[in-house]
Amino acid sequence: MPESAPLRREDPRRLGEYTLDGLLAGSGVYTARAPGGERVVVKVYPAEASAFLERIRPVRAQDAYYTAQVIDMGETEDGRPFLVTEHVDGETLRAAVERRGPLPGTALHRLAIATMTALVAVHQAGGVHGEFDPGNVLLGPEGPRVINAGVAPALEAAGVVAADAPTEKVGAAKLAFAAPERFAGAGAGKPADVFAWASTMLFAATGRAPFEGESAVATMNRIIQAEPDLTALDEHLRGVIAACLDKDPAARPTAGEALLRLVGHSLLTAGPEEVAAAAPPSAGTLSAAPRARSWRFAVLAAAVGLVIAVASAGTVYALRSRAPATAAATGTPTPSVVSLSAAPPPSPPPSPAATLAAPGAEMGLLEHPADPLRVAAYRAGDSFYVRAPGSTRFVKTAGTPEEMAASPAGTWLALLEDGKVTFLDRAGGAGFEVEVGPSRRPVWSGDGGRLLLTTTEDTGKDEAGVPLPGGFAIIDVATRKVTLVDTDDEARDGRGYYAWLPDGTGTVVTYKTGRDHGMRVRDLAGREMRTLDWVGFTTGGRMFSPSGGLFATSCPSGGTYCVWDTAEGVRRASVALFYDGGEFWGWYDENHLLVFNPSQEPDRLVALDLRGKERRTLLTIAGKDYDEDFYVAMAPR
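The sequence shown runs 1 to 637 under full-length UniProt numbering.
Source of the hints: derived by calculation from the structure; they are not laboratory data.
Any given hint could turn out to be false.
In silico EDC-like cross-links for lysine to aspartate or glutamate, where the CA-CA straight-line distance does not exceed 20 Å [said to hold, decoys possible]:
1. 613 / 580
2. 43 / 3
3. 420 / 457
4. 247 / 227
Start from the sequences, fold in the hints, and give me the full structure.
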């Protein structure tokens, strides 16, 4: 905080029980002493007191996570409101960057987590910051502090247009952090806070405001129309910032969702001693970090505490099934720490040793004997083809299955048609049928003993016309018994299709979280066990890697596939696609995704490493043959 100047003759010497002793930042902002001698800051506002103070109450009630806490509020003798906040030694982020230059990577991540933690606290208290920018972040000795939370909306509520409100009359430097919807007349809102936070982080990373132009009008035009330059950010932070800078406020993540993404990355890269020091004092307790801790430890402590509070019950990240809790949890759930070490990139898939021409379509299969997967059967138009394990020859087979799946060992095919599943022995052609009713997307359990389907009888459809998940059916292959499990996912914004948990003890399905999508975990009786609301849209029955240690989703921020650690729930990789129409088909092996690429003729099925590089083409097909009737089942042999 800058040095104070002596009080002027016209300045008051006392407000309420606080003794003023210096002038800060122009008229109306004072350093002062509380009755106990503590240093505080008192700021007087040019507004009607009752409306202003009523609007500011939620901010005062919040837990002080990296905000300058509002200690008291009152009214001057002439009816103006004043706020009393804690005194924070340190300069503003704007002054620090202008004096020392942009923040390096690690410091930038810590700043991002601390300031987003503050924003989450403001929003959870029912407030809005309304004016988040580099001038409202102080870099104190114990870490960043966000100041003036809720002041701008409170002034608006009191009928005062702030001198720096987002209009063309304001300087370009101040306008540069406003959200585009503010220029359409929208009031300060939580999505606008998220946008302003992202712009502020870009300022910290580059030393310049991302949208500032030569004039206020030019700045407004850039905010509304231009895309920011994110090249100064690392991959993980770039994805979060890009999502927060979406021009559509409804498409931005909430502050809580953004924090979960930030913390998920930081827990991966933090050393064990850091997270141990950051462990929260008790589950669900949102207390400020002890003053003795360094900024580095304190940021992690608050972030971990908030994740435990706003994510799911129990051990926050674990996907593995557990019995439902019968009593309130006690003790401190401690997130696991993943220690990362430098490792060479994984070996690429082997180059094709042969190309097979498949009948019934202009399709080529590029194969190698060491491939972990190859095409076992497919439907092209009204024709259905199967090849025996180890064979290179496809045989036209009766039936036109709507969907199909090969068992993990490649022995059986499950063929779904008109609510009936036919189990076909690939080697001998014999099999049996099981009636299951209207359903979609057959998925085998890892041991090959059960088949999971998403039931769709009498369900509605989502925005894309896809049936909503009404529950699931499990077929025991040995006994041929069908177990139908109804869920409330259809009524609770469920989307897509169910997949097995890797250990076969439960299922997962996508659900809408409002602006985005998350994952809902259920046991085999349909009971909800937990949710992971930050992971994005799940990719269906083939979402888990062969070991079950990783799973893939469509990233919440869009444009990429996100790869997550199954046990920890933290992001391992973001795999970008630079073409439209890409489709996730599953996993080639533990280090490569199977993605269908229709960007050039012929269309191709490729193995992508977790850096997004195409390592191998496994299938080519003419665009005219890749239609809604085309379907493929892949097996190990």
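Going down the list of hints, with the structure as the test:
1. 613 / 580: holds (16 Å)
2. 43 / 3: Roughly 16 Å between the alpha carbons, so the hint for residue 43 and residue 3 holds.
3. 420 / 457: With Cα atoms ~13 Å apart, residue 420 and residue 457 stay inside 20 Å; holds.
4. 247 / 227: holds (9 Å)
Of the numbered hints given earlier, the model fails none.
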